[in-house]
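Hints are included, so try docking the two chains, each in its own frame, into the full complex.
First to last, the protein sequences are chains A and B. If you use my numbering, the first sequence corresponds to residues 1 to 115, in order. If you use my numbering, the second sequence corresponds to residues 1 to 106, in order.
Don't read these hints as lab results, they were simulated from the structure. Every value quoted in this text rests on a predicted model; they were computed, and no experiment measured them. Watch out, some of these pointers could steer you wrong.
Stated by the list, open to error - Taking lysine to aspartate or glutamate and the EDC-like style, the derived pairs with C-alpha atoms no more than 20 angstroms apart in a straight line are:
no.	chain 1	residue 1	chain 2	residue 2
1	A	Lys43	B	Asp16
2	B	Lys44	A	Asp46
3	B	Lys102	A	Asp46
4	A	Lys67	B	Asp81
5	B	Lys44	A	Asp103
6	A	Lys43	B	Asp69
7	B	Lys44	A	Glu1
8	B	Lys102	B	Glu2
9	B	Lys44	B	Asp81
10	B	Lys41	A	Asp46
11	A	Lys43	A	Glu1
12	B	Lys38	A	Asp103
13	A	Lys78	A	Glu1
14	A	Lys52	B	Glu80
Stated by the list, open to error - Computed spacing ranges between beta-carbons, pair by pair:
no.	chain 1	residue 1	chain 2	residue 2	range
15	A	Ser77	B	Ser91	29 to 37 angstroms
16	A	Lys78	B	Pro39	30 to 38 angstroms
17	B	Asp93	A	Lys78	24 to 32 angstroms
18	A	Asp31	B	Ser29	21 to 29 angstroms
19	A	Gln3	B	Lys106	34 to 42 angstroms
20	B	Lys41	A	Ala10	31 to 39 angstroms
21	B	Pro39	A	Glu1	19 to 27 angstroms
22	A	Ser87	B	Ser21	33 to 41 angstroms
23	B	Ser66	A	Lys13	45 to 53 angstroms
24	A	Gly8	B	Ser64	38 to 46 angstroms
25	B	Thr52	A	Glu1	16 to 24 angstroms
26	B	Ser13	A	Gly8	28 to 36 angstroms
27	A	Gly68	B	Ser13	44 to 52 angstroms
28	A	Trp33	B	Gln78	26 to 34 angstroms
Beta carbons: idealized from backbone N, C-alpha and C, even for Gly.
Take a look at the letters that make up each chain.
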Amino acid sequence: EVQLVESGGALVKPGGSLRLSCAVSGFTFSDAWMTWVRQAPGKGLDWVGRIKSKTDGATADYAAVVKGRCTISRDDSKNTLYLQMNSLKTEDTAVYYCLLNLDYWGQGTLVTVSS
Amino acid sequence: IELTQSPSSVSASLGDRVTISCRASLHISNFLAWFQQKPGKAPKSLIYGASTLHSVVPSRFSGSGSGTDFTLTISSLQPEDFATYYCYQYSDDPHTFGQGTKLEIK
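Isolated chain B, as found in the complex (with noise of 0.2 angstroms):
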């Protein structure tokens, strides 16, 4: 199962609402996870089940979607949010990654 995410790259300032996309080629349901991944550091985990946050993940993350289409949403941005972001699919083996979004600040 291939995993789309858009876009590769995306500017924005502190305060700002971001959306980031990914788009799976065949049904998942809800199994997609979002992680984070900053410079030199291993990959943080942020959301499973599409939309269920980890219990330490701030609240101004949100994922929604289900079946091929999911977003994850920053609905304000902080300073520590510049990262990379990846969506993953565990729905079938291989489990497999989106290409990954930067984010970075305007």
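Looking at chain A on its own, in the form it has when it is part of the complex (with noise of 0.2 angstroms):
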């Protein structure tokens, strides 16, 4: 059974960081193209940014809203993703998912930024 469980949201200041993970089992983790998705309270899913595959080069792209603010990385060593966040707003407050190719989620980590 493949599982993915984010782990790392938490209550942070405006301006804080703060480093979320997604850990997988039950899959090549490897070949795996992951993505980070987010979704503010009442509002739709926002599409935060992918890390391919290393086979594929191991490349991430961003959504504008966080580009030059979060780094998505992984650890194939330990069939986890990252998101990095600095610079935290009040607008990045949401629940942030893990998902896999297209095909599988995580349950989600909260992220309220508040001061």
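Below, the structure is given as structure tokens:
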């Protein structure tokens, strides 16, 4: 069974930093293209960014609203995806989900940015 | 690439056939997926490649379209189908979602 478990969500002040993790099991993680998606309270789904598999170059692309503030990385030895978020803004408040290929979703982790 | 879903919400009865549309602002071939989300839950993957169902998705769901116009059809609504549906394009970066279509019980 494929499982994705996000962690790292917290209450953080504007301007702060946070690193989210997504631990994957039951799938050959190194072959997966991994995506971060977020959902602000009461809103729709928003694409944050994606990292390709190592075979495909392990390059990452980002939504304009987070580019320069967020970095997506992966550790294939730990089957884990990361999202480093810096200079957090109140509008970054959301549930953050990881998505494996187009197939499997994590349960989400809540990030609240508030003073 | 902007995705526009219609309608934004729809009311339907058990057993009804429902169609949700998704229009892309640029040609995206068949690089379109559909996701289902229930309140308080993570999304679930339904369709990729515009028309290919994930293995665990019931056959009453179907997808069609190519280029700029796509549809998700549910042939006979079941109680568990009442949810919000999102289309998603992965043709070009940045990937984008439609705004969602809320399917409610009439």
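Hint check:
The suggested pairing of Lys43/A with Asp16/B is violated, with an alpha-carbon distance near 27 angstroms, which exceeds 20 angstroms. A threshold of 20 angstroms between alpha carbons decides the hint, and for Lys44/B with Asp46/A the separation of about 15 angstroms falls inside it, so the pair holds. At roughly 17 angstroms between alpha-carbon atoms, Lys102/B and Asp46/A fall within 20 angstroms of each other, so this suggested pair holds. Our distance criterion of 20 angstroms between C-alpha atoms is broken by Lys67/A and Asp81/B, whose separation comes to about 36 angstroms.
For the suggested pair Lys44/B and Asp103/A, the alpha carbons sit about 8 angstroms apart, so the restraint of at most 20 angstroms is met. Annotation: proposed proximity of Lys43/A to Asp69/B is violated, straight-line Cα distance about 24 angstroms (limit 20 angstroms). Between the alpha carbons of Lys44/B and Glu1/A the distance comes to roughly 15 angstroms, so the proposed pair stays at or under 20 angstroms and holds. A C-alpha spacing of about 19 angstroms is found between Lys102/B and Glu2/B, which places the hinted pair at or below 20 angstroms, so the restraint holds.
Note on Lys44/B and Asp81/B: the hinted pairing holds, with a Cα-Cα distance of about 12 angstroms set against a maximum of 20 angstroms. Distance check on the hinted pair: Lys41/B and Asp46/A sit about 16 angstroms apart at the alpha-carbon level, within 20 angstroms; holds. For the hint linking Lys43/A to Glu1/A, the alpha-carbon distance of about 30 angstroms lies beyond 20 angstroms, and the restraint is violated. Between the alpha carbons of Lys38/B and Asp103/A the distance comes to roughly 17 angstroms, so the proposed pair stays at or under 20 angstroms and holds.
At roughly 18 angstroms between alpha-carbon atoms, Lys78/A and Glu1/A fall within 20 angstroms of each other, so this suggested pair holds. Distance check on the hinted pair: Lys52/A and Glu80/B sit about 34 angstroms apart at the alpha-carbon level, beyond 20 angstroms; violated. Distance hint for Ser77/A and Ser91/B: a CB-CB separation of about 32 angstroms, consistent with the stated range 29 to 37 angstroms. Separated by about 33 angstroms at the C-beta atoms, Lys78/A and Pro39/B satisfy the suggested range of 30 to 38 angstroms.
Separation of Asp93/B from Lys78/A is about 26 angstroms and conforms to the stated range, judged on CB atoms against 24 to 32 angstroms. Between Asp31/A and Ser29/B the beta carbons are some 23 angstroms apart, a value that agrees with the proposed interval 21 to 29 angstroms. Between Gln3/A and Lys106/B the CB atoms are about 36 angstroms apart, so this pair conforms to the stated range of 34 to 42 angstroms. At about 21 angstroms, the CB distance of Lys41/B to Ala10/A disagrees with the hint of 31 to 39 angstroms.
In this structure the hint that Pro39/B and Glu1/A lie 19 to 27 angstroms apart at CB holds, the actual value being about 24 angstroms. Hint check: Ser87/A to Ser21/B, Cβ distance near 38 angstroms, so the stated range 33 to 41 angstroms holds. Checked against the given bound of 45 to 53 angstroms, the beta carbons of Ser66/B and Lys13/A, roughly 47 angstroms apart, stay inside it. Look at Gly8/A against Ser64/B: about 39 angstroms separates their beta carbons, and that is inside 38 to 46 angstroms.
About 21 angstroms separates the C-beta atoms of Thr52/B and Glu1/A, a value consistent with the hinted range of 16 to 24 angstroms. Taking 28 to 36 angstroms as the suggested C-beta distance range, the pair Ser13/B and Gly8/A does not conform, at roughly 43 angstroms. Under the hint 44 to 52 angstroms, the C-beta atoms of Gly68/A and Ser13/B, about 49 angstroms apart, fit the expected range. Distance hint check for Trp33/A and Gln78/B: the Cβ-Cβ separation is about 32 angstroms, which falls inside the suggested range of 26 to 34 angstroms.
Comparing the model with each earlier hint shows violations of hints 1, 4, 6, 11, 14, 20, 26; every other hint is respected.
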